[in-house]
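Just so you know, the sequences run in chain order Z and L.
Residue 38 in the numbering used here sits at position 38 of the first sequence, and the numbers go up by one each step.
Residue 243 in the numbering used here sits at position 243 of the second sequence, and the numbers go up by one each step.
Just to be clear, a hint being listed does not mean it is correct.
It does not matter which identical chain is used: a pair holds within one copy or between any two.
Stated by the list, open to error - Capping the alpha-carbon separation at 27 Å, the derived lysine-lysine pairs in DSS-like fashion look like this:
1. LYS33 to LYS321
2. LYS341 to LYS247
3. LYS101 to LYS22
4. LYS12 to LYS243
5. LYS48 to LYS321
6. LYS391 to LYS341
7. LYS50 to LYS316
8. LYS77 to LYS62
9. LYS315 to LYS52
These are calculated hints, taken from the structure and not from any lab test.
Protein chains: 2
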Amino acid sequence: MNNKNYIKLIIKSKIAFFSEIKGFIILRTYGYKIWENIKNILNNILIKTKHKNVYFPLLIPKKIFFIDKNHIKNFYKECAIVTHSKFIIKNNKVILDPKSKLEEELIIRPTSESIIWYTYSKIIQSYRNLPILINQWSNIIRLEIRNKIFIRNSEFILQEGHTGHKNKIECINEIIKIKNIYKKFIKNYLCIPFITGFKTNNEKFSGAKFTFTFETIINNYKCLQLATIHYFAKNFSKVYKVKYTNKKGKIKYIWCTSWGISTRLIGAIIMIHSDKNGLILPPKIAPIHIIIIPIIYNNNKNLIYKINKIVYKIKKIFYNKNIIIKYDNNIYKKPGNKFYKYENKGIPLRIIIGKKEIKNNIIEIVRRDNFKKYYYKINNKLYNKILKIFKKIQINLYYKAKKKMKSNTLIINNYKIFKNLFKKKKCGFIIAYYKINKYTELKIKKDTNATIRCLIKKKKIGKCIYTGKITNYIAIFGKSY
Amino acid sequence: MNNKNYIKLIIKSKIAFFSEIKGFIILRTYGYKIWENIKNILNNILIKTKHKNVYFPLLIPKKIFFIDKNHIKNFYKECAIVTHSKFIIKNNKVILDPKSKLEEELIIRPTSESIIWYTYSKIIQSYRNLPILINQWSNIIRLEIRNKIFIRNSEFILQEGHTGHKNKIECINEIIKIKNIYKKFIKNYLCIPFITGFKTNNEKFSGAKFTFTFETIINNYKCLQLATIHYFAKNFSKVYKVKYTNKKGKIKYIWCTSWGISTRLIGAIIMIHSDKNGLILPPKIAPIHIIIIPIIYNNNKNLIYKINKIVYKIKKIFYNKNIIIKYDNNIYKKPGNKFYKYENKGIPLRIIIGKKEIKNNIIEIVRRDNFKKYYYKINNKLYNKILKIFKKIQINLYYKAKKKMKSNTLIINNYKIFKNLFKKKKCGFIIAYYKINKYTELKIKKDTNATIRCLIKKKKIGKCIYTGKITNYIAIFGKSY
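Just chain Z, with the same shape it has in the complex (with noise of 0.2 Å):
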C-alpha cells in the first residue's frame, strides 16, 4: 500500500480527516472507537497486574520540564510552548496582547516523566508508597516536522506507564512484565507480528539505561516502532530527587520505568491488514463486527418483512455479548455499494439474507479477510459459531502478516550484499551479526539510510557485517517509515 492509498483509505472509511494544522487530525467515530476499544483492552489488563490511572497536568513548566539534561536533547525542537494567556482587539482584530505574556513559558507534555517524578518526590516517603505503578491515557505534542496520519501526528493519544521501584530486581521485573503484556496484546489482539530487542545507545530514549523495542514491517520494506519500554535505572530519581526511606532507615533513590504505545498502531493495523478492497479490522478491535445486508430487489415488501424477522432472530442471538451488528436496511442502495463500503471499512463479517437464503431457512456468511463463505442455520449455536470464525480472522491476519514479514526479512553476512539490498529497496529487516559501535553505525546509516532497529544478544558468536570482529549480538536493521 503506498502512501497515496493509506491516506485515501483513511478518508474513505470514515476513520479520520485532516485538520486545519499539519499533523493534526480529526479521528471520527469509526477511529475513535478502535482506539477506545484498544484502550479498554489494554486497560482491563493493567488493571489485572494493579497499575491505575491518574491524570497528570498538560503543560509542563520550562524550569520543571527542563530539570534533565536529556530532555532538552529530546525536545527541545519539537515543544508546543505556551507563551501568553489574552488576546486584545485593535482596528477589529484580535491580536496576542503583549501584556499577557506568562513568567515562564509552558510546554504541552511531550511526555510526562519531568511532572510525574517532580511530583512524586514531594509525595513519597517511606518503602511502604512503593512500588509505584501509574498509567496515563492521555494527548501529547510533539511538533515533528515530517508528519504522516497515525504514524507521525504532531499530536496523539497514547497510554504512557511510569512506575517506581525499591531496587532493580523490582525494577528489571516490571519491565519483563511489561514486555510480556504488550507482546500479548500486540500479537493476540491487533494481529501484528514484531521482532523485539534492545535499541543501540544512538537511537534509545536518552536518559535511559535501555529501550527495549517492538519492531515490524509496513508497506513491505520500511520499518515501523509499535511500543517502547525505557529502564531509567536511578537516572529520573536522581535527577528529580525521588528518595524513600527503606526498612532500615536509610534514603534510597528509587529505580524507574515507563512505557507506552499510541494511536500509531491504528496506522500500522491499516497498512499491515489492508488489501485492495480496504481495511480488514481484526474482530477484537472492530467497531462493528457483523454487518447485515438484505438483498432486495424491486423492493418486494413480503421479502422485506420475512428478513426483517430473520435480522430481529439474529439480533436476540447477540444480544447483550458484545458482538456490535449493524443491518443496512437502506432500500434505496443496491447490496454491491453495500458490500463495496462495508469491505472498505474492514468490518470483520457480512450475513447475507436474500430469497434464496429465506427458502433454505440458513444465512450466508462471508469473511472479510479471505471471502470464505459459511452457510449456517439460525439457532443458538450461531453465536458460537461465529465466535469461532472470528478466532480464525485473528489467527489468519496474524499469520499472513507474519509470513510476509518474514518474507521481507533476510538474514545476511555480505556488507556489500547488505548495502545493495537497501538501494534497491527489496528488503524490510535485514539481520546481521554486528559488534556495538556507534560510529559503525553512522557509517552504516550514511551508506544505507538504515539504521538498527534493536540489538538482540545471542548465545553463538559470529563476524560483524561491518567490521569482521568476532561479536554475540546480531543487530536488525531497517528504514524507518
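Use these hints to put chain L onto chain Z, whose structure you have.
Okay, now just chain L, sitting in the frame of chain Z:
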C-alpha cells in the same frame, strides 16, 4: 465545609494534589477513578442514545477559533496561546527560539464548537448525514484568574456533546433528551439535588439562543453550576457555513446544540456529601465499595487465619460482580486508625471481623453515611443485602442533600429582606418573581453580589421583586462560588 477544610480533605483523601502552576492539579489514582466511574456511567447512557465519541485536535488556529465573534467575547481573556515551537540553548540556558515563532497563534481548546463545526462544514452534504450526534471526552484549558480546586481549575477534563439537526423540532427534542439524561444522572448517580432553568442573556453562553442550566448549593450559601445545555439554533452553522441539502434539494443550515459536564462535579460531590469525618462517596461512583478491617490484637495467628478464611468467602460471593472490596490486613496499624483513614476516604461500607464476629458466625457492616450497623451471616444472600444497603445510601445521600438545599432556599417577595439575606450570607437560593430586564439584573447584582442562577416560566403571575411589575417568570438568585 469551609475552603481550608475542603482543600485539606482533597489532599488527605488522596483525591488530588496541586501542581506547580496555579489552577492545574494532579488527579491521583483515587480521584481519577471517581472520574472514570462518572465517565463510564454517562458514556454508557450516551451510547444507548446513539451519541458517538470522536476526538478533535487540542490546538485550534486563531483564525478558525475567532470566526465566531461570540467566541472572542467568551474567551479572549483566558486562552493558553501557543506561539513557538522550539527552544535554543544559550549560555547554558534554555530559551525560546525567536526563529520558531509560528505563523499563526494556536489556542488550546477552551471548548470545541469552532473546530467541530468548521470541520463538519466540509463533511456534511445531505440530510442523510444528519443528525450529527457526537461527544468528546477531552481536556480543555481556560486560564481563569480565580482558581478553586475542581470548581475553577484552569485545566479540566470534560464531556462535551455537540449535535447537529435538520430542523428546530429535532434540535429542541435533542435538548429535552439531554436534559432528562443529565437530570437522572446527577440525581441517581451523584445524589446531588438541583434546580433547573434558563440562564439570562447576561449569563448564558454567548452565541447560544438559550442556555439551560443545572444549579445547586454548596457550602450552605454559595451556588454552583453543575451542567449546561446550549441551544444554538442556526447561530454556529451560519458562522461556520454548515449546510446540507434537504429532501427537496434545497440548501439549509443545520441546527446545533452543545452540552457538557466536567471534573467540577468531583468538587460538588466532595462539598455536598462530606461530613466532619471526611468524604462520603455515593456507592455508584466510589472507587472502593467495601473496606474489610480485621480486629486483631497481639498478632493472634489463629484468629488471623480464621478471619482470612471469612474474607476469602466474602470475596468469592462478590467475585465478578463489580463490587470493589479492599481488605486491609496490615497488622502494624490499629483498627481505629484504619477506621479513621477509610472514613476519610468516603468508602460506603466497612466490614468488621474479629473474635466476636467469628464466634457468632456473622460480620458487622457499618454504613459510612449514617454509621448504621448491620449484622449479617455470610452466605449467598449477602450480595443482595449489600446491594440493598447501597441503594439506601444513594437515596439517603440525595435526600439529605436535598433537605439541606431546601433549607437554604427561600421564597421572598420583599427586596429589602432579599438584600439583607444576601448581605448576612444566610441563604443559598432566593426565589422571587422577576421581570426579565438586563438593567435591573445588573442593579441587583450591584446591590447584593448575587446573580440570577436561572429563570423559570410559571403559569401563575406575580410581582417582580425589584420593579413590582407583573411577570410570569421567577428567578433563582444566588452567589457564585
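Here is how each hint holds up against the structure:
no.	hint	verdict
1	LYS33 to LYS321	both (18 Å within a copy, 26 Å between copies)
2	LYS341 to LYS247	between (63 Å within a copy, 23 Å between copies)
3	LYS101 to LYS22	both (26 Å within a copy, 15 Å between copies)
4	LYS12 to LYS243	between (52 Å within a copy, 21 Å between copies)
5	LYS48 to LYS321	both (22 Å within a copy, 15 Å between copies)
6	LYS391 to LYS341	within (24 Å within a copy, 47 Å between copies)
7	LYS50 to LYS316	between (36 Å within a copy, 19 Å between copies)
8	LYS77 to LYS62	both (13 Å within a copy, 23 Å between copies)
9	LYS315 to LYS52	between (36 Å within a copy, 21 Å between copies)
Violated hints are absent here; each numbered hint is respected by the structure.
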